[in-house]
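> Chain by chain, the residues run as shown.
Protein chains: 2
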Amino acid sequence: MSLLHQLKSVSIFSSLSERELYEIESYLIGKKYLNGEMVFSSYETARGVFILTEGKVKLYKAFKGKEQTLRIFTPISMLGEAGAFKGEHYPANAIAIENSYLFFLETGNLIKIIERYPKISLKMLGILSERLYHLVNLVENLTLKDAVSRVYEYIKQKTDEKKEVLFKTTLVAMELGLTVETVSRAISTLKKSGKIEKIGKIIKVNR
Amino acid sequence: MSLLHQLKSVSIFSSLSERELYEIESYLIGKKYLNGEMVFSSYETARGVFILTEGKVKLYKAFKGKEQTLRIFTPISMLGEAGAFKGEHYPANAIAIENSYLFFLETGNLIKIIERYPKISLKMLGILSERLYHLVNLVENLTLKDAVSRVYEYIKQKTDEKKEVLFKTTLVAMELGLTVETVSRAISTLKKSGKIEKIGKIIKVNR
DNA sequence: CGAAGACTTGAAATAGATCAAGCGTTGTGG
DNA sequence: CCACAACGCTTGATCTATTTCAAGTCTTCG
Numbered sequence: 001m002s003l004l005h006q007l008k009s010v011s012i013f014s015s016l017s018e019r020e021l022y023e024i025e026s027y028l029i030g031k032k033y034l035n036g037e038m039v040f041s042s043y044e045t046a047r048g049v050f051i052l053t054e055g056k057v058k059l060y061k062a063f064k065g066k067e068q069t070l071r072i073f074t075p076i077s078m079l080g081e082a083g084a085f086k087g088e089h090y091p092a093n094a095i096a097i098e099n100s101y102l103f104f105l106e107t108g109n110l111i112k113i114i115e116r117y118p119k120i121s122l123k124m125l126g127i128l129s130e131r132l133y134h135l136v137n138l139v140e141n142l143t144l145k146d147a148v149s150r151v152y153e154y155i156k157q158k159t160d161e162k163k164e165v166l167f168k169t170t171l172v173a174m175e176l177g178l179t180v181e182t183v184s185r186a187i188s189t190l191k192k193s194g195k196i197e198k199i200g201k202i203i204k205v206n207r
Numbered sequence: 208m209s210l211l212h213q214l215k216s217v218s219i220f221s222s223l224s225e226r227e228l229y230e231i232e233s234y235l236i237g238k239k240y241l242n243g244e245m246v247f248s249s250y251e252t253a254r255g256v257f258i259l260t261e262g263k264v265k266l267y268k269a270f271k272g273k274e275q276t277l278r279i280f281t282p283i284s285m286l287g288e289a290g291a292f293k294g295e296h297y298p299a300n301a302i303a304i305e306n307s308y309l310f311f312l313e314t315g316n317l318i319k320i321i322e323r324y325p326k327i328s329l330k331m332l333g334i335l336s337e338r339l340y341h342l343v344n345l346v347e348n349l350t351l352k353d354a355v356s357r358v359y360e361y362i363k364q365k366t367d368e369k370k371e372v373l374f375k376t377t378l379v380a381m382e383l384g385l386t387v388e389t390v391s392r393a394i395s396t397l398k399k400s401g402k403i404e405k406i407g408k409i410i411k412v413n414r
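So the sequence lines, in the order shown, correspond to chains R and Y. Take the first sequence: its position 148, counted from the start at 1, is 148 in the working numbering, and no numbers get skipped. In the working numbering, each number is its position in the second sequence, counted from 1, plus 207.
Quick caveat, the hints were computed from the structure, so don't treat them as lab data. Among the clues, some could well be false.
[To be verified] Derived pair list, reagent style EDC-like, types lysine to aspartate or glutamate, alpha-carbon separation capped at 16 Å:
1. R:Lys64 <-> Y:Glu368
2. R:Lys145 <-> Y:Glu274
3. R:Lys66 <-> Y:Glu274
4. Y:Lys352 <-> Y:Glu382
5. Y:Lys330 <-> R:Glu181
6. R:Lys86 <-> Y:Glu337
7. R:Lys119 <-> Y:Asp353
8. Y:Lys370 <-> Y:Glu382
[Unchecked claim] A few chain R residues that don't get close to chain Y, going by computed Cβ distances all over 10 Å:
9. Ser26
10. Met38
11. Gly48
12. Glu115
13. Leu128
14. Ser129
15. Thr143
16. Thr170
17. Val180
18. Ile202
[What the hints assert, rightly or not] FRET-style restraints, in silico, Cβ to Cβ:
19. Y:Glu371 <-> R:Ser17: 46 to 54 Å
20. Y:Ala269 <-> R:Glu88: 41 to 49 Å
21. R:Ser26 <-> Y:Ser400: 32 to 40 Å
22. R:Ser26 <-> Y:Phe270: 41 to 49 Å
23. Y:Glu251 <-> R:Glu130: 17 to 25 Å
Quick reminder that beta carbons are idealized off the backbone N, C-alpha and C, glycines included.
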């Protein structure tokens with residue numbers, strides 16, 4: 001897929017013409033990140049946003065050897081927006097958890113774009129709002145729901161469109177803020193109660 | 208304090224002239240909320256934002272009889288922005304925890320204002336980003352830090368400007384997502400270790 | 001003044017984490 | 001292409017921080 005085409009799927013740019021996208025493209029700097037490589041950290045000054053076009057990036061907080069995943073990003077997504085619009089530092093850390101490719105867009109240029117194409121600002125407000133919904137949902141899950149129902153809801157949601165889904169315990173544990181062991185136990189509980197079926201790594205919900 | 212004056216302290220309006228504020232004022236509908244009265248709930252469709260000019264409002268999530276506070280708002284603050292820019296429903300519930308006064312501003316009018324005064328959109332992006340920082344911080348506190356250090360950090364932060372601060376166990380427990388008992392125990396631990404002093408309801412940090 | 005609400009302290013319960021060990025899967029380099 | 005090392009998954013046993021339950025004291029204010 002061409003970069004131009006990819007830009008179109010970044011929601012804030014979706015309303016722009018090819019000509020306009022072409023201009024934005026000129027601001028972007030692409031870089032490959034290997035699995036395990038840091039994209040940005042909360043210690044560093046936020047200089048702009050990233051656009052993930054390939055791979056997977058984990059956004060997380062770390063403190064005293066423990067860590068909490070906030071979100072796993074997959075293509076095509078924008079990262080680091082909050083840092084760009086407020087504050088010195090990014091609010092969290094981002095690390096590639098697969099070999100990935102990201103473009104960087106400087107805050108100054110982003111603001112230039114927003115000012116030039118006012119429609120974009122509403123889109124941007126929409127993105128930030130979506131981030132807030134996601135985080136509020138995370139807090140709800142972390143503090144109000146037990147492990148088994150969280151895993152169950154996760155699976156239900158993932159199998160909403162597709163019938164069956166590839167299930168990686170480690171990844172799900174990360175996304176839900178649980179340990180691998182807890183997720184594994186939750187799965188066997190759900191299997192026993194007949195709510196799900198799992199053959200190999202393929203999982204499906206019984207409705 | 209006049210409404211016009213109050214509007215000026217809502218950061219998104221701070222750059223507007225009196226004439227412009229006067230126009231915005233005409234969109235606002237004020238209403239008194241008694242202690243315990245619901246301002247909005249996550250079940251209801253988001254029709255606009257609120258501006259708190261008096262009292263205290265708690266933003267929280269509830270599930271199966273349990274609840275988790277996301278934030279306590281004090282004047283002058285805006286509430287419900289995320290709902291206005293995305294999604295059918297507000298992401299959480301808001302309830303007055305003191306007798307309060309709020310103005311309501313319809314989404315349509317807010318967007319009109321943003322489109323008319325483009326500078327406002329950057330301010331708005333800043334507000335949403337600040338909300339994200341706050342929530343990320345909440346997640347960090349809830350999942351990575353223990354009760355005693357959370358209470359300690361809370362007190363340190365609150366006593367940053369003032370030397371001494373009025374401490375209400377119940378309110379702090381809400382804000383930190385802990386039980387009253389846990390906060391009370393944390394306080395006595397901190398007192399014993401000499402890190403803080405508390406006489407009556409007045410608390411201070413030993414530095 | 002008295003009663004409702006706020007705070008403290010102790011004892012018990014609990015959900016999930018941590019530690020530990022064994023098994024399964026996979027992919028790489030010899 | 002096979003072997004085996006590294007990694008992922010499962011299951012059991014213990015541990016621990018915080019919640020819950022309970023009961024008593026202190027505060028405040030109508």
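> A separate judgement is required for each hint: does it hold in the structure or not?
Okay, the hints, checked on the actual structure:
1. R:Lys64 <-> Y:Glu368: violated, 27 Å
2. R:Lys145 <-> Y:Glu274: holds, 10 Å
3. R:Lys66 <-> Y:Glu274: violated, 25 Å
4. Y:Lys352 <-> Y:Glu382: Given that 16 Å is the threshold and the Cα spacing comes to 15 Å, the pair holds.
5. Y:Lys330 <-> R:Glu181: violated, 44 Å
6. R:Lys86 <-> Y:Glu337: OK: Lys86 of chain R and Glu337 of chain Y at ~7 Å, within 16 Å.
7. R:Lys119 <-> Y:Asp353: Between Lys119 of chain R and Asp353 of chain Y the Cα gap is close to 44 Å, so the pair fails against 16 Å, i.e. violated.
8. Y:Lys370 <-> Y:Glu382: violated, 21 Å
9. Ser26: At roughly 23 Å from the nearest Cβ of chain Y, Ser26 of chain R sits farther out than 10 Å, so the non-interface label holds.
10. Met38: holds, 17 Å
11. Gly48: Per Cβ check, Gly48 of chain R is outside 10 Å of chain Y; nearest 14 Å; holds.
12. Glu115: violated, 7 Å
13. Leu128: violated, 4 Å
14. Ser129: Given that some Cβ of chain Y is not farther than 10 Å from that of Ser129 of chain R, nearest at about 4 Å, it is violated.
15. Thr143: Contrary to the label, Thr143 of chain R does not stay out of reach of chain Y, its closest Cβ about 4 Å off (not over 10 Å).
16. Thr170: For Thr170 of chain R, whose nearest Cβ neighbour in chain Y is about 18 Å away, the distance exceeds 10 Å, so it holds.
17. Val180: holds, 16 Å
18. Ile202: holds, 30 Å
19. Y:Glu371 <-> R:Ser17: 46 to 54 Å: violated, 60 Å
20. Y:Ala269 <-> R:Glu88: 41 to 49 Å: With a Cβ separation near 35 Å, Ala269 of chain Y and Glu88 of chain R fall outside 41 to 49 Å, so the hint is violated.
21. R:Ser26 <-> Y:Ser400: 32 to 40 Å: Taking Cβ atoms as reference, Ser26 of chain R and Ser400 of chain Y lie about 58 Å apart, which means the hint is violated.
22. R:Ser26 <-> Y:Phe270: 41 to 49 Å: Because 48 Å falls inside the window, the suggested range holds.
23. Y:Glu251 <-> R:Glu130: 17 to 25 Å: Holds - the Cβ-Cβ distance for Glu251 of chain Y and Glu130 of chain R, about 19 Å, lies within 17 to 25 Å.
Of the hints listed earlier, those the structure fails to meet are numbers 1, 3, 5, 7, 8, 12, 13, 14, 15, 19, 20 and 21, in rising order.
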